[in-house]
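Residue numbers (the numbering used here), protein chains in the order written: chain X, 13 to 412; chain P, 34 to 322.
You may find that some hints are simply not true.
Stated by the list, open to error - In silico BS3-like pairs for lysine-lysine, Cα to Cα no more than 30 Å straight-line:
id : chain 1 : residue 1 : chain 2 : residue 2
1  : P       : Lys151    : X       : Lys287
2  : X       : Lys264    : X       : Lys403
3  : X       : Lys400    : P       : Lys317
4  : X       : Lys184    : P       : Lys166
To be verified - Simulated restraints on C-beta separations:
id : chain 1 : residue 1 : chain 2 : residue 2 : range
5  : X       : Lys320    : P       : Leu180    : 58 to 64 Å
6  : P       : Leu115    : X       : Glu78     : 36 to 42 Å
7  : X       : Asp326    : P       : Asp35     : 42 to 48 Å
8  : X       : Val301    : P       : Phe106    : 41 to 47 Å
No lab work stands behind these hints: they were computed from the structure. Idealized CB from N, CA, C, for every residue including glycine.
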Amino acid sequence: MKRLTGLLLVAASFAVGTADAQKKYGPGASDSEIKIGQTMPYSGPASAYGTVGKASAAYFEKINSEGGINGRKITFLSLDDGYTPPKTVEQVRKLVEQEGVLLLFGTLGTPTNSAIHKYVNAKKVPHLFLNTGATKWNDPKNYPWTMGYNLSYQAESRIYAKYLLQTKPTAKIAILYQNDDYGKDYVKGLKDGLGEKAKSMIVAEASYEVAEPAIDSQIIKLQASGADTFFNVTTPKFAAQAIRKAHDLGWKPLHILNQVSSSVGAVLTPAGLDKSVGLITASSYKDPVDPQWKDDAGMKDYLAFMKKYFPSADVTDVFNAVGYSTAQCLVHTLKQSGEDLTRENVMNQARNIKELQLPMLLPGIKINTSPEDHSVLSQAQLARFDGKEWKLFGEVIGGK
Amino acid sequence: MDALLHQVFAGLASGGIYASLALALVMIHNATNHINFAQGEMAMFSTYIAWSLINIGVPYWAAFVATIVISFFAAAAIERILIRPVEKAPVLTVVSVFIGLLLILNSVAGWIYTYTIKSFTSPFPSEPPFGNKFVSSHELGAIAIALFVLVAMYLFFRVTPLGLAMRAAAENPASSRLVGIRVGWMLALGWGFAGAIGAIAGMMIAPLVYLDPNMMAGIMLYAFAGALLGGIDNPWGAVIGGFLMGVLENVVGALIGTELKLTVALVLIIIVLLLRPNGLWGHKVVSRV
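Just chain X, with the same shape it has in the complex (with noise of 0.2 Å):
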């Protein structure tokens, strides 16, 4: 009789979804295994940003140690690129022809994702939660296969937009920003989410060269404008050189600075903190230093996460949050694949994030995609610096 039952019970199974129940496994999967590819820049210039890829090692071994994704271990494979772009594409071959990944997740950098943005989508690999702003991957029409992660450039832009518009709206505003398609993005951001009024509100643009060493003509030509408000759109070093020298030259205007320059440590430190007062730039992540995270029960998870799985990390450091939160954002969709691991269900669910909300985001921050939209965080909200610290203030605001 029990036999009879079971056997019932196992043809049910069959009647009521065969594509549910079925498994179905791309490259890479297996009932045991889901194998996922990976390059950061552990070595080289930008090797401060390796430390994205090693929190997110650190989460997946969380996830195996408490048993898996539906039962198969992850086995992540990071790979040195070295931030340089023909790297990137001999260890991206190697992953997708020599080890057979299901995916490719969170490489990082805009040039070394570039290099090999039409290699993917012609392989059909799902290139996934790409650690890297630029807009251009949010291009589902021709690069199907490829997604973003970080709220894009244009997206920030148009939140101090929203900003300025709503608090400043005859502000004159100067821009100085990194003359690459980095920069650019934020100038067409800011203009777009201006809109009509972008031609009379803004009355300077000055442009550097990476090769530069400094940017102190810029800055004053700037200055000479008359500008009240200084939308900043630099890297690290030419931040802290504006800082500095606007300072100097006793300009006080609004001054906002992009997300990419915002380190206390790496950024307003070196170029003064009394001289950083007042600096204002956005943010999606809960900063693990604000006060006011004490008693989250995110910020304690994560902190408890650090301490357990990547004892060594620097907790203060944003980047490690960054990771953690891809690997999150990475394994809700492959929970929600299911049993079906081939790369086009994969790359479906990752289309079709609804509402997800992840522990180390700003409450308020939802992610959603779809097919037609491949950008996952959108919102941001706005921080001014006190002299110690960013100070969040206002609301959750939309970057679309």
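Please build the complex by placing chain P on the supplied structure of chain X, with the hints as guidance.
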């Protein structure tokens, strides 16, 4: 007008930066007839040595002098160990060694000190001198030190027997050896002096642009351009070339637009070099065959 004047002064300040590194290039060129592509990275590394010394509590000027001495011996040692074996090799081999040295110093600095920028102490007061608003005390001090190095270097090559021997060794090693000059040691000395001058340049530059392993990449480009513009074998020419470079670039940036400032400045230099291939104040080199 005020803004333009401001640009000129800012240009002089960055010109001082280019000039000080250009001097190191002239030094090594006059002493060895080579152009050392790793000069900037050597200066960067020296600056890190100074930074480490200051960080463990050594007073600024003591660290300054110690760094110059260490850099002198380190650069001389590099010549003895790395350059000596390729002394007679074709010029391309030597260039490869220089580029290798550049990459090694850059990576080792990144490995030891990380790529995060560090602020570097200035020995000069933080308030601008005489209450002016155009130039900071450090910029003025750095220019003064560059000019001091220039005069010292000029006198060294002109007046002292050692300077004469070094020039002779670079220009005609065989004859120099015949009159009793130890050519090998002259080359090492030349490297040592260039290393020391580079160290001074690095310590004057770092407070302005922040210290990081890639600090010199852009500056080297401008220093080269300045040195070639003024004449790579003439310290005066190289310094004036450096200042010209800084001012030209800023004024072009202010008048035409910041996107074109580097391009226009470099195009002007190419035009000058087409008309005067040895630079504005360089000496014509005539070889008898």
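Hints and how they fare:
1. P:Lys151 with X:Lys287: Distance of about 16 Å is within 30 Å: holds.
2. X:Lys264 with X:Lys403: Holds, at roughly 20 Å.
3. X:Lys400 with P:Lys317: This hinted pair is violated, its Cα atoms lying about 59 Å apart.
4. X:Lys184 with P:Lys166: Within the cut-off at roughly 24 Å; holds.
5. X:Lys320 with P:Leu180: 58 to 64 Å: Distance hint for lysine 320 (chain X), leucine 180 (chain P) holds at roughly 60 Å.
6. P:Leu115 with X:Glu78: 36 to 42 Å: violated (54 Å)
7. X:Asp326 with P:Asp35: 42 to 48 Å: Once the Cβ atoms are compared, 45 Å apart, the range 42 to 48 Å for aspartate 35 (chain P) and aspartate 326 (chain X) holds.
8. X:Val301 with P:Phe106: 41 to 47 Å: holds (44 Å)
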